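Undergrad: Here's the letter readout for the chains.
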Amino acid sequence: MHRPVWNLTAAGLLALGVTACQQEGGQSGDPNTGNAASGTAAAARSDKSILDGVTQSAEHSSLANAVKAAGLTETLAGSGPYTLFAPNDAAFGKLPAETSTGLLAPEAKGRLTTLVASHIVTGLVTADDLAKAIERGKGKAMLATLGGSQLTATRSGEAVIITDGSGGQARISGAEMMQTNGVVHVIDTVLMPK
Amino acid sequence: MRKLIIAVGALAITSAMPALAEKGGKGEGKGGQSQSRHHGGNGGKHGQAEQGGKSDLRQRGKVAKVAKHDRSLGAPGGSRDYTQAERKDFKRDERSLRQRFDGRRGDNSQQRRFDERSGPAHAGLQGCPPGLAKKNNGCLPPGQAKRDFSVGQRIQPAWFSGYALPTAYNDLYYDSDEYYYRYNDEGYIYRVDSGSNMITALIPLLGGGFSVGQALPQGFGAYNLPTQYRDNYYDTNEDYYRYGDNAIYRVNAGSGVIESVVALLAGNMNVGQALPSGYDAYNLPMEYRDDYADTDEDMYRYADGNIYQVDTKTQIIQAIVKMLV
Numbered sequence: 001m002h003r004p005v006w007n008l009t010a011a012g013l014l015a016l017g018v019t020a021c022q023q024e025g026g027q028s029g030d031p032n033t034g035n036a037a038s039g040t041a042a043a044a045r046s047d048k049s050i051l052d053g054v055t056q057s058a059e060h061s062s063l064a065n066a067v068k069a070a071g072l073t074e075t076l077a078g079s080g081p082y083t084l085f086a087p088n089d090a091a092f093g094k095l096p097a098e099t100s101t102g103l104l105a106p107e108a109k110g111r112l113t114t115l116v117a118s119h120i121v122t123g124l125v126t127a128d129d130l131a132k133a134i135e136r137g138k139g140k141a142m143l144a145t146l147g148g149s150q151l152t153a154t155r156s157g158e159a160v161i162i163t164d165g166s167g168g169q170a171r172i173s174g175a176e177m178m179q180t181n182g183v184v185h186v187i188d189t190v191l192m193p194k
Numbered sequence: 001m002r003k004l005i006i007a008v009g010a011l012a013i014t015s016a017m018p019a020l021a022e023k024g025g026k027g028e029g030k031g032g033q034s035q036s037r038h039h040g041g042n043g044g045k046h047g048q049a050e051q052g053g054k055s056d057l058r059q060r061g062k063v064a065k066v067a068k069h070d071r072s073l074g075a076p077g078g079s080r081d082y083t084q085a086e087r088k089d090f091k092r093d094e095r096s097l098r099q100r101f102d103g104r105r106g107d108n109s110q111q112r113r114f115d116e117r118s119g120p121a122h123a124g125l126q127g128c129p130p131g132l133a134k135k136n137n138g139c140l141p142p143g144q145a146k147r148d149f150s151v152g153q154r155i156q157p158a159w160f161s162g163y164a165l166p167t168a169y170n171d172l173y174y175d176s177d178e179y180y181y182r183y184n185d186e187g188y189i190y191r192v193d194s195g196s197n198m199i200t201a202l203i204p205l206l207g208g209g210f211s212v213g214q215a216l217p218q219g220f221g222a223y224n225l226p227t228q229y230r231d232n233y234y235d236t237n238e239d240y241y242r243y244g245d246n247a248i249y250r251v252n253a254g255s256g257v258i259e260s261v262v263a264l265l266a267g268n269m270n271v272g273q274a275l276p277s278g279y280d281a282y283n284l285p286m287e288y289r290d291d292y293a294d295t296d297e298d299m300y301r302y303a304d305g306n307i308y309q310v311d312t313k314t315q316i317i318q319a320i321v322k323m324l325v
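Top line first, the protein sequences correspond to chains A and B.
One point on numbering: in this note's numbering, the residue at position 87 of the first sequence is 87, and numbering is uninterrupted.
One point on numbering: in this note's numbering, the residue at position 75 of the second sequence is 75, and numbering is uninterrupted.
Keep in mind the hints are simulated off the structure, nothing from the lab.
The model shown is predicted, which means the values in this text are computed figures rather than measured ones.
Backbone N, C-alpha and C fix where the C-beta goes; we use that ideal spot for every residue, glycine too.
It is possible that part of the hints are untrue.
Said to hold, decoys possible - Here are the computed distance ranges between Cβ atoms for each label pair:
{"hint": "1", "chain 1": "B", "residue 1": "D294", "chain 2": "A", "residue 2": "E158", "range": "21 to 29 angstroms"}
{"hint": "2", "chain 1": "A", "residue 1": "S166", "chain 2": "B", "residue 2": "Q315", "range": "23 to 31 angstroms"}
{"hint": "3", "chain 1": "A", "residue 1": "T101", "chain 2": "B", "residue 2": "D298", "range": "47 to 55 angstroms"}
{"hint": "4", "chain 1": "B", "residue 1": "D177", "chain 2": "A", "residue 2": "G93", "range": "47 to 55 angstroms"}
{"hint": "5", "chain 1": "B", "residue 1": "D175", "chain 2": "A", "residue 2": "G157", "range": "28 to 36 angstroms"}
{"hint": "6", "chain 1": "B", "residue 1": "G195", "chain 2": "A", "residue 2": "R45", "range": "51 to 59 angstroms"}
{"hint": "7", "chain 1": "A", "residue 1": "A58", "chain 2": "B", "residue 2": "D231", "range": "33 to 41 angstroms"}
{"hint": "8", "chain 1": "B", "residue 1": "K313", "chain 2": "A", "residue 2": "R155", "range": "21 to 29 angstroms"}
{"hint": "9", "chain 1": "A", "residue 1": "K138", "chain 2": "B", "residue 2": "D290", "range": "26 to 34 angstroms"}
{"hint": "10", "chain 1": "B", "residue 1": "D235", "chain 2": "A", "residue 2": "E135", "range": "42 to 50 angstroms"}
Claimed, not checked - Computed footprint of chain A on chain B, listed as stretches where at least three residues anywhere in the stretch have a Cβ under 8 angstroms from a Cβ of chain A:
{"hint": "11", "region": "164-174"}
{"hint": "12", "region": "199-209"}
{"hint": "13", "region": "250-256"}
{"hint": "14", "region": "265-277"}
{"hint": "15", "region": "280-291"}
{"hint": "16", "region": "297-311"}
Could you build the full structure based on these sequences and the hints that come with them?
TA: So this is what it looks like as structure tokens:
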């Protein structure tokens, strides 16, 4: 039930003319292992904002729609810098139907805003920064989101795992995308604020 | 205890009215809409009270609801047995309150307010599922249980069982001798006077009180952006900008409706204070990393347009070393 809803928006956005911008962000990570930590801050920089990167990504149509519905387009197009943990379309597809339906309801716009903001961290936290913070923190690093919640970054083998306030876990996959106003880390699960 | 609650409830009818009247009386498009929005959850109740309130009152007896509410609060699960003496006290309180209430029947608004407060007790002792009864909220289902309070209302602290603030706000809004704070799950924090137990403010939060498509909450008439953002966001004839709950909002000057969130701020960095939780990772913009790299003595973190220097050992924020905005 929920997949068609998100996918409808995906189709609409794709119709605008989508290019996969993920490749623009450098290839230093290993998409197979989710080795974001091997991505470096020196990854190739896009000349686009986080907003452009998301809206033009072939795998972030649902997120792009959520950002728009949440009223955060100007934020992610602004000066930042921000670090965005960007759930891909498959991540949105994993949401329970009632959650998706609820988030898309007009009266739930506030919750949607908080949800999206809970994927955003102030400043530029690269994959390398994350890896160092986890190492320095003896296995974990805390990240304060701009939605008011906290995320915990840990390692699982070579991959970096982001745990939300509800205990939900997302894996960073692929390389980071360096944008003009921040960095985007692709994750495979939608993070919940609490 | 029951007498106290009932008495407070009766007192609240009168004490809440000036504040309510003040709110409603301002008549500002923005604020008025905002209040309406916040009480949207009560809209149904208001509607019910207006449509069938009088006959409903006569048939079911609102006074009894207060007593039931008290019972559910006083005894976990709302299933406590009462002694004969307690039942006598209870009936006497009922009669007393009924007399006071009857004296106000001419005022529908007061009846509505009374209904709001006693509403949570509607399910009271009878037919309340154990799961809801345990919440001590008068057997209201989730989502409805936290909408019954408003500015000017006097409450019992015990009524706020389960209204804990989101942890992110614990450092900002903490209980003191002057105020205590509770969260209503609807995007607002209640500020309650510790002495009088009167709700003195509703503090809007991102995604709740401040939400795109909603009217700007009351009390944000004046331009209030942090200094470093004023050059970027300033009022025009079409739009104005307001700061609240760590975000900057663009508001339609004509309608007063929030149109967009233009910036999200951390809002939790202060020189002389400890580095807040959540800044474990180095996060400076790329162009400043050569100048401000972490060392054994100092570390640097970015937030809200500033680069802060933090003592690595004490984790105390020492200074703003660079303002970027």
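Undergrad: A range of 21 to 29 angstroms was offered for this pair. Does it hold for the Cβ distance of B/D294 and A/E158?
TA: 24 angstroms Cβ-Cβ, so the 21 to 29 angstroms window holds.
Undergrad: State whether the coverage of the region 265-277 of chain B by chain A holds or is violated, taking the criterion as 3 or more residues with Cβ-Cβ distances under 8 angstroms.
TA: Since three or more residues must qualify, the claim that chain A covers the region 265-277 of chain B holds, with 5 doing so at under 8 angstroms.
Undergrad: Verify this for me: three or more residues of the region 199-209 of chain B with a beta carbon less than 8 angstroms from a beta carbon of chain A.
TA: holds (count 4)
Undergrad: Counting residues of the region 280-291 of chain B that have a beta-carbon nearer than 8 angstroms to any beta-carbon of chain A, does the count reach 3?
TA: holds (count 8)
Undergrad: Does the beta carbon distance between B/D177 and A/G93 stay inside 47 to 55 angstroms, or does it fall outside?
TA: 51 angstroms, holds
Undergrad: With a cut-off of 8 angstroms between beta carbons, are at least three residues of the region 250-256 of chain B near chain A?
TA: Three-residue rule not met by the region 250-256 of chain B, so violated; n is 1.
Undergrad: Between the beta carbons of B/D235 and A/E135, is the distance compatible with 42 to 50 angstroms?
TA: Hint holds: Cβ distance 47 angstroms, inside 42 to 50 angstroms.
Undergrad: So the hint says 28 to 36 angstroms: do the beta-carbon atoms of B/D175 and A/G157 match that?
TA: 44 angstroms, violated
Undergrad: Confirm or reject the claim that B/K313 and A/R155 have a C-beta distance inside 21 to 29 angstroms.
TA: 26 angstroms, holds
Undergrad: Verify the CB-CB distance for B/G195 and A/R45 against the hinted window 51 to 59 angstroms.
TA: With Cβ atoms ~57 angstroms apart, the hint holds.
Undergrad: With respect to the beta-carbon atoms only, verify the hint that A/T101 and B/D298 lie 47 to 55 angstroms apart.
TA: 49 angstroms, holds
Undergrad: Taking beta carbons only, do three or more residues of the region 297-311 of chain B come closer than 8 angstroms to chain A?
TA: Contact hint for the region 297-311 of chain B vs chain A: holds, 4 residues under 8 angstroms.
In summary, the structure is inconsistent with hints 5 and 13 from the numbered list given earlier, while agreeing with the others.
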